[in-house]
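Chemist: Chains A and B are the protein sequences, given in the same order.
By our numbering, the letter at position 368 of the first sequence is numbered 368, and the numbering carries on one by one without gaps.
By our numbering, the letter at position 110 of the second sequence is numbered 110, and the numbering carries on one by one without gaps.
Treat the hints with caution; some may be incorrect.
PhoX-like cross-link-like pairs, simulated, lysine-lysine; straight-line CA separation at most 20 Å [what the hints assert, rightly or not]:
{"hint": "1", "chain 1": "B", "residue 1": "Lys541", "chain 2": "B", "residue 2": "Lys437"}
{"hint": "2", "chain 1": "B", "residue 1": "Lys459", "chain 2": "B", "residue 2": "Lys385"}
{"hint": "3", "chain 1": "A", "residue 1": "Lys22", "chain 2": "B", "residue 2": "Lys492"}
{"hint": "4", "chain 1": "B", "residue 1": "Lys18", "chain 2": "B", "residue 2": "Lys42"}
{"hint": "5", "chain 1": "B", "residue 1": "Lys487", "chain 2": "A", "residue 2": "Lys22"}
{"hint": "6", "chain 1": "A", "residue 1": "Lys782", "chain 2": "A", "residue 2": "Lys145"}
{"hint": "7", "chain 1": "A", "residue 1": "Lys694", "chain 2": "B", "residue 2": "Lys488"}
{"hint": "8", "chain 1": "B", "residue 1": "Lys437", "chain 2": "A", "residue 2": "Lys676"}
{"hint": "9", "chain 1": "A", "residue 1": "Lys22", "chain 2": "B", "residue 2": "Lys459"}
{"hint": "10", "chain 1": "B", "residue 1": "Lys437", "chain 2": "B", "residue 2": "Lys327"}
{"hint": "11", "chain 1": "A", "residue 1": "Lys685", "chain 2": "B", "residue 2": "Lys102"}
It is worth saying that the hints were derived from the structure and are not from the lab.
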Amino acid sequence: MIQETDSILAFVDKVVEGTGTKAGDIIPILHAIQKKYNYLPDEALRRVCEITEITPASITGVSTFYSQFRHTPIGKHLIRVCTGTACHVKGSGLVYDAFCRELHIREGQDTDPEFLFTVQKIACLGCCTIAPVVQIDDVTYGHVKTDGVSHILQDFLRHKTGGAEEPRDRKIPNEKIGEIKIGLGSCCVASGSHKVQQALERSLVETGINAQVKRVGCVGMCHRTPLLEVNIPDREPVLYDSVRPEDVRRILLRHYKPHTLAQRIKNAAYHFIENIMEDPNSNGFTRHPLHMRDPNIQAFLGRQKHIATEHSGQIDPLDLEEYRSRGGFGVLANGLGEMSPEEVIDQVKASGLRGRGGAGYPSGQKWEVVHRSRDDTKYIICNGDEGDPGAFMDRMILESYPFRVIEGMILAAYAVGAHEGYFYIRAEYPLAVQRVKDALKQCKECGLLGENILGKGYSLDMHILEGAGAFVCGEETALIASLEGQRGNPRYRPPFPAESGLWGHPTLISNCETFATVPWIMRNGAEAFAQLGTDHSKGTKVFSLAGKIARGGLIEVPMGITIQEIVYDIGGGIENDRPFKAVQIGGPSGGCIPAELAHTRVDYEDLTKVGAMMGSGGLLVMDDSDCMVDIARYFLSFTQNQSCGKCTFCRIGTRHMLRILEGLCAGKGKQDDLDKLEEIAHKTKRGSLCGLGKTAPNPVLTTLAYFREEYEAHIKGLCPAKRCKELITYTIDETCIGCTVCAQKCPASAIPIAPYRRHMIDQTKCVKCGTCKQVCPTESVKVR
Amino acid sequence: MRDMQAGLPHRIGEGPMKTVKLTIDDQDLTVPADFSILDAAKKLGIDIPTLCYLNGFDRFTSCMICVVYEENSDRLMPACSAIVAEGLRITTENDLVREARKDALDFLLSEHVGDCEAPCQRACPAHMNIPLMIRQIEGRRLEDAIQTVKEDIALPAVLGRICPAPCEKGCHRGSSDDPVSICLLKRYVADVDLARESPYLPGVAPNSSKKVAIIGAGPAGLSAAYYILRFGHACDVYDKNPLPGGMLRYGVSDEALPKIILDREIERISQLGATFLMGHSLGEDLGWKELNSVYDAVVLAVGKIKSDVFNDTGIELSPQGIKIDRKSHLTSLPGYFAGGNSVSESQLAIRALAHGKNMAFSVNQFLNGESVTGPSSRFQSILGKTQEDEAGEFMKEAENRGRISPVESAQGFTEAEVVKESGRCFGCDCRKPYACKLRQYAEKYQASQRRFTFADRKKFQKNVQHGMVVYEPGKCIKCGLCVQITKKAGEKFGLAFVERGFDVRVQTSLGVPLSQGLEKSAAQCVSSCPTGALSWKDRDKKGEAPREG
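Given only the sequences and the hints, what does the whole structure look like? Please build it.
Modeler: So, in structure tokens, the structure goes:
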């Protein structure tokens, strides 16, 4: 025991040596301790207070504020069930329940009796297109079904490897024979692209084919990951979607001849055996190559305009030379020193760029305020704390285009006169953090950052800080408090950070997408940017299109495009051809726009007019099986959970709204609930201190405005979308063929096995997990 | 989340200024540019309510009670944090502001876990401060205890024998084992007092030379007389029976209430200066004309109305009895007040006594030419039914033993028994019933604890680890002042916010005992805490304003 304590103390000492002893170093210190011990041992926290400036009060406050930090030991492995919006509408709640059942976790606990697994809900992993998503340690699983959890656990225990690690480079590829691109965004990795990549590397070695493997960032077509693109000089590139590791070898052999005779023979034999072993009708080679002229791909890409996501799916995220060869850092190299800060600001102003973080404040004006301040110390911060469930634009941008964001930040920092910058990135995005770290390192090595950048006499240093699980830290004053090592409490504005921000100095804080847009503007001119979009909303906006959509993914569209066009032209309409009900735009701060208003344009003002908000850029599509009361409840449970708890209205108002919504979803609604709900929503909106509380009522107010009849139905005990568990029953009708699959899969043993006879569900045992409906081959399970 | 709050374009871009001009409540003023609206208002002597603000500490902008209205932007802004700007037009109080303040208070109260006054006191029709009496008994300060009792009950020895004790039905201890034996404790206090050579007599105000007639010497009339005399007015008490006491004398068996006890307590009222005029019946030998001409006010405590004596008097009747305003006890005839069974029937003597006290209050208002409202009732936060696992929290300051019954029930408690029994009291009344700003504002803005309610409230908790301070997290409004104070005082551990959102609460750093958290700054924390969350363990200690007159 004493030894253990000693080793903890020694470890803390080592950590602090690396991070520093300032109050602002607290979050990295806590991350390091937790990484080692899986939680924060009390002795460790006390030690931190002894050897740093961090006080017991501050470590207590901070370590309990952020949801990533734990104060008690957990199981050996951590299962994080994503409860982001897309996952929610695709049944993540049931998935969570299924894990708890499978692991025999008792009510009110989160760890199995053997302390092997701890199950946790997590706000959003940002892998919305492959929802529902589950992460076990660093392995991500997509498209999880309730009847698949035991398979996932087995798979995890069998492999226990993989995850977000960067692939190793292979030796001396022959450029002439072309390259094979593989998407390695987090979504792709979660869909198995990492395993595909491993198979690819292996197959290349085995076949002796010397093609170059190129990892690229997000292709945007997340609905079809993993993606593999074969590029042979002078030939049409061929894109393979939904690739499995076992397909890789065949894909290779379709395009290349093995190198030596011996290998050719070996391959022929392999082919032969494989053909015998595989049933060509089921698990065989079913993946079809897609040519880029495929109408689906054309439709998906056709209406898009890539600015922040320029060269989408084409460039290696961490290949600085490639980025530069395509014009990256060009303005910086040529312009810095020749263009005055005022000229840079004028360009940004003329472009009409508005902040992409949500509020849409004119970027140029903000830059000007910071620029004009006479303070010698100024800061620049990139807000990468994308916490909105159902949004993954920032993750994709940071993972795929780290250099672009850095370039935008350097230009901005130069314009406002900042010499120190920070990336604040959610801890849930380890790959983004890693890529930005690597990119910053490369930039420093080649003089794009640091003292006297490119010899132009301007200096800028940049750091990176990981968040720790607090949605509210996306609010700029809360983010700054977090950077300073405090609890992420927002404060009253003014003064705005542009006047008094980090450590009281003028601070330019903007979202990643805003910074990623700047290099394009500087390279192509403000005019080119301003030509896109509407009167007051210029340029493009990146959206994460997810939910019940045929072709989900990361898209970048010109402002002014209608929701209708996004859903049908780009997204290919609703998944499984169900009726289009609504889109949820702007996440927990936004609102639900009904299908009737799908002609609404993507424009800051137009969206606000219908009660929604540009906000995050999360665009979640819903069909007739999505319950609007449930969606409102879902968002309120999110915001309520993420409220910092500082101001009266948000802390208590959101809780009251949630209480009413939970009552409605449980069939315990009362007649005056809707009036009360509306009243509390308006009061919370008006009275709250920061954006979180002021916008948290939006999902409630919009659903009340557009789907009031659904609320009224709930008061009567009916859920028209057949979604709310307490208001529905599962039954099996006479078309049942008695195959017994449902009875075998039912986790609650609520269906007695009755071969060749119609099965019945024991309602007293039924947990309404929906597994029977998923597995029934004859669609005989009905929900009422 | 992303940053969603649209900026205020008119602020951004303004450089630093030395002074600014603005208008507050139609008064123009010029103040330094770094003033908050609160600072500026203070300069004009305008008081804006605050809970989370304390001069000399960082603005936390948490409670939102200080909102004021700004005309140009048509917005509410928190006065403690909003910095003045050129041309602001502030209104510190209007309907919108009052509504927003009430909203904030209603929200805060909806999660407020605690009673302002103990449920026994609320349940007592006479609203006697029972917990205070019990603490005085426990501290063997019986002379203080009788004052506390007779502040609200004129005939405690009588009531101690016949009262069905509605107070005990409210007692929180009742939900863990049995309620404290309040009624017998009170009887003990009164009996000891009566046995003294010169029993307690309250002080009376200077003679007002006003004279009041009290018709009926039953419990309501006697009680009215007791308090009217204390207000400095003379009293003539009429009754048709040969002896005073009404139902107490003629409707209760001698076994239940030995008449000697009744006589002795009535004697105290005589000693205060009451004149008893026995054998007079209203409408017979006691005429309305006489009442009108001789007396400045008349209290009707005649018991159940049987005759048609009120015909043509201007005093209206209802099916239950004399029609009165429930709060002031005013009848339809100015200067005439009515209470007890004459307004509605009840077997509860304590209710009649309460009516008597309330009538006295109204009579005094009437005689002083004030508007007649009756005693004002204070705001009450109500904990509600206690939950199973809360008894342990309450028990931290109470003795864990069963309810004591007097060995000889006819004799009441012995000295040893009262001390034991009084130790059972949970002491659930708030330690800051007067200093609590939340309660003061709740009264001012007519806040309601029942407007927004939770199906399951937070648990009642009490931290008594500190030698001198008690911390009740359920009463905390999360203003964070104590967190700041302990930090500024350089406490080694101090207090910190833990968790977030609805679950946010104040705790000692690293979970050390409260005594270690508050080594230097306990006094400042207690006096700055706007509610009863942090209070002195010793209820007589400074930090709580004295009881109002």
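Chemist: Given the hint that Lys685 of chain A pairs with Lys102 of chain B, does the C-alpha gap stay at or below 20 Å?
Modeler: holds (16 Å)
Chemist: Does the structure keep Lys459 of chain B and Lys385 of chain B at a Cα separation of 20 Å or less?
Modeler: holds (11 Å)
Chemist: Is Lys22 of chain A within 20 Å of Lys459 of chain B, Cα to Cα?
Modeler: violated (38 Å)
Chemist: Lys437 of chain B and Lys327 of chain B: Cα distance at most 20 Å?
Modeler: violated (26 Å)
Chemist: For Lys487 of chain B and Lys22 of chain A, compute the direct alpha-carbon distance and say whether it is at most 20 Å.
Modeler: Given that 20 Å is the threshold and the Cα spacing comes to 17 Å, the pair holds.
Chemist: Holds or violated: are the alpha carbons of Lys437 of chain B and Lys676 of chain A at most 20 Å from each other?
Modeler: violated (27 Å)
Chemist: Hey, Lys18 of chain B versus Lys42 of chain B, does the alpha-carbon distance stay inside 20 Å?
Modeler: holds (19 Å)
Chemist: Would you check the hint for Lys782 of chain A and Lys145 of chain A, treating anything up to 20 Å between C-alpha atoms as holding?
Modeler: holds (18 Å)
Chemist: For the pair supplied as a hint, Lys541 of chain B and Lys437 of chain B, confirm whether the alpha-carbon distance does not exceed 20 Å.
Modeler: holds (18 Å)
Chemist: When you check the alpha-carbon spacing of Lys694 of chain A and Lys488 of chain B, does it fall within 20 Å?
Modeler: violated (32 Å)
Chemist: Between Lys22 of chain A and Lys492 of chain B, is the straight-line Cα distance small enough, at 20 Å or below?
Modeler: holds (18 Å)
Hint violations for this structure: numbers 7, 8, 9 and 10, all remaining hints satisfied.
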